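Colleague: Here is what each chain is made of, one letter per residue.
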Amino acid sequence: MKVKVVTRILEANERIAAENRRLFDEARVYVINLMSAPGAGKTSLLEKTIKELSGKIKPAVIEGDIAGTADAERISSLGVPVIQINTGGACHLDANMINEVLGSLPLKETDLLFVENVGNLVCPAEFNIGEDMKVMLLSITEGDDKPLKYPLMFQESSALILNKIDLLPYTNASIEKIRKDAMSLNPSLKIFEVSCKTGKGIAEWTDWLTEKVKS
Amino acid sequence: MHEASIALSVLEIAVDNCRKAGYNRIESIRLKIGRASGIMIDALLFAFNAVKTDTIAAEASVIIDEIPVSGLCSSCGKDFVTEEKYVLCCPECSSTSFNIKTGRELEIIDMEVF
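Residue numbers (this note's numbering), protein chains in the order written: chain A, 190 to 404; chain B, 1268 to 1381.
No lab work stands behind these hints, which were simulated from the structure alone. A hint or two may mislead.
According to the in silico footprint, chain B covers these stretches of chain A (three or more CB under 8 Å from chain B) [to be verified]:
id : segment
1  : 308-316
2  : 333-342
Cβ-Cβ distance ranges computed for the label pairs, FRET-style [what the hints assert, rightly or not]:
id : chain 1 : residue 1 : chain 2 : residue 2 : range
3  : B       : Pro1358   : A       : Ser363    : 21 to 29 Å
4  : B       : Ala1310   : A       : Glu365    : 47 to 55 Å
5  : A       : Leu357    : B       : Ser1361   : 24 to 32 Å
6  : A       : Gly278    : B       : Lys1287   : 43 to 51 Å
7  : B       : Asp1321   : A       : Leu357    : 52 to 60 Å
8  : B       : Pro1358   : A       : Lys191    : 33 to 41 Å
9  : A       : Leu357    : B       : Lys1287   : 56 to 64 Å
10 : B       : Ser1328   : A       : Ser243    : 53 to 61 Å
11 : B       : Glu1279   : A       : Asp214    : 41 to 49 Å
12 : B       : Lys1287   : A       : Glu203    : 32 to 40 Å
13 : B       : Asp1321   : A       : Thr387    : 54 to 62 Å
Just a sample of chain B residues kept apart from chain A, beta carbon distances all over 10 Å, derived [said to hold, decoys possible]:
id : residue
14 : Gly1305
15 : Ala1310
16 : Leu1312
17 : Ala1314
18 : Val1318
19 : Thr1322
20 : Leu1339
21 : Cys1356
22 : Glu1359
23 : Asp1377
All values reported here derive from a predicted model rather than from experimental measurement. Every residue gets a Cβ at the ideal spot worked out from N, C-alpha and C, and that includes glycine.
Next up, chain A with everything else stripped away, as it sits in the complex (with noise of 0.2 Å):
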């Protein structure tokens, strides 16, 4: 006998996904899902950003990592709420791990919300989980390379953020190609060169942040 499926495999995590998405509208919390490689500087990026929004937008951060607690440490003495998940090997984070959590935060007083995902630049463009948009960190030193070597990531992201561009001059890395290759993969994409370092660069994305969050 046979028998008709037809289901999205993944439909338990667009279903979650779609609750999450509810739940962040009626608190009306903007979502932005942070992907990167390990040590591009996520943790450093939000630390800056989250500075240079003080005062203007209450801000609230998920950290996701394999193991440990450092990264949530780092965010918490900023005095802002975070939350730490600890995939305990997992290479993502997925709609169910953020549901999960959702209930530990301040969502009524909080304007943006931040989701570091897992340092890995393979699945996390493959699990929605919510989020208003996703935006994608690569530092150059990872090398020019990435965009057509980890396309699916560059695709699904609306802001790609190049950071440690002040190192930019010990390396081979061509910014050039690099925005050409990732324009060729996804043409609306907006980039950013900051340096979490030196501060280069952050106001530029925050500014463009803003507007993203109060539209």
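Since the structure of chain A is provided, determine the placement of chain B on it from the hints.
Modeller: What follows is chain B alone, placed relative to chain A:
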């Protein structure tokens, strides 16, 4: 990398639908998988064989319809189908403005139960 959790989802959805239809054994499950879905078919089959043990799908085989990446170019207006997993530009006119139509599928189509 998450083929095992996807295999578990397939099993869960299949067992659920089999029971709902009033049957107790699954003979085969047909999946539609796009080439750009990020799934390694061999890894998925390997994982499914591991997770199906001691379930009503223990004897089940998995049949996979692989879907190539296809799209419509908004510059030259042509439909295209490609063997590539990722499309960087229209294979006809090299324009970068195109819409992908197929290739990201990850679905269960139907199954044989008895």
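Colleague: Against this structure, judge whether each hint is valid.
Modeller: Okay, the hints, checked on the actual structure:
Counting residues of the segment 308-316 of chain A whose beta-carbon sits less than 8 Å from any beta-carbon of chain B gives 3, enough to reach three: the coverage restraint holds. Closer than 8 Å: that is the beta-carbon criterion, and the segment 333-342 of chain A has 3 residues meeting it against chain B, so the requirement of 3 holds. Taking 21 to 29 Å as the suggested C-beta distance range, the pair proline 1358 of chain B and serine 363 of chain A conforms, at roughly 26 Å. For the pair alanine 1310 of chain B and glutamate 365 of chain A, the beta carbons lie near 37 Å from each other, so the given range of 47 to 55 Å is not met.
Roughly 30 Å separates the CB atoms of leucine 357 of chain A and serine 1361 of chain B, a value that falls within the hinted 24 to 32 Å. The hinted range of 43 to 51 Å is not satisfied by glycine 278 of chain A and lysine 1287 of chain B, whose Cβ atoms lie roughly 33 Å apart. For the pair aspartate 1321 of chain B and leucine 357 of chain A, the beta carbons lie near 56 Å from each other, so the given range of 52 to 60 Å is met. A hinted range of 33 to 41 Å holds for the C-beta pair proline 1358 of chain B and lysine 191 of chain A, which are about 37 Å apart.
Under the hint 56 to 64 Å, the C-beta atoms of leucine 357 of chain A and lysine 1287 of chain B, about 59 Å apart, fit the expected range. The beta-carbon spacing between serine 1328 of chain B and serine 243 of chain A, approximately 58 Å, falls within the hinted interval of 53 to 61 Å. Remark: the range hint 41 to 49 Å for glutamate 1279 of chain B to aspartate 214 of chain A is contradicted by a beta-carbon distance near 29 Å. Our hint of 32 to 40 Å for lysine 1287 of chain B and glutamate 203 of chain A is violated, since their Cβ atoms are close to 20 Å apart.
Distance hint for aspartate 1321 of chain B and threonine 387 of chain A: a CB-CB separation of about 58 Å, consistent with the stated range 54 to 62 Å. Taking the minimum C-beta to C-beta distance to chain A, about 6 Å, the non-interface status of glycine 1305 of chain B is violated against the 10 Å cut. At roughly 13 Å, the least C-beta separation between alanine 1310 of chain B and chain A is larger than 10 Å, which holds for a residue marked as non-interface. No Cβ of chain A approaches the Cβ of leucine 1312 of chain B within 10 Å, the least distance being about 14 Å, so the stated non-interface status holds.
In this structure alanine 1314 of chain B is separated from chain A by more than 10 Å, as the shortest Cβ-Cβ distance comes to about 12 Å. Every CB of chain A lies more than 10 Å from the CB of valine 1318 of chain B, the least distance being 13 Å, so the non-interface label holds. Annotated as non-interface, threonine 1322 of chain B keeps its C-beta farther than 10 Å from every C-beta of chain A; the closest such distance is 16 Å. With a least beta-carbon separation of about 15 Å from chain A, leucine 1339 of chain B lies farther than 10 Å from that chain, consistent with its non-interface assignment.
Some Cβ of chain A comes within 10 Å of the Cβ of cysteine 1356 of chain B; the nearest lies about 6 Å off, and the non-interface call is violated. Consistency note on glutamate 1359 of chain B: stated as away from chain A, and its beta-carbon is indeed over 10 Å from all of that chain's, at 16 Å minimum. Once the 10 Å rule is applied to beta carbons, aspartate 1377 of chain B is inconsistent with being away from chain A; the minimum gap is 5 Å.
The structure shown violates the earlier hints numbered 4, 6, 11, 12, 14, 21 and 23.
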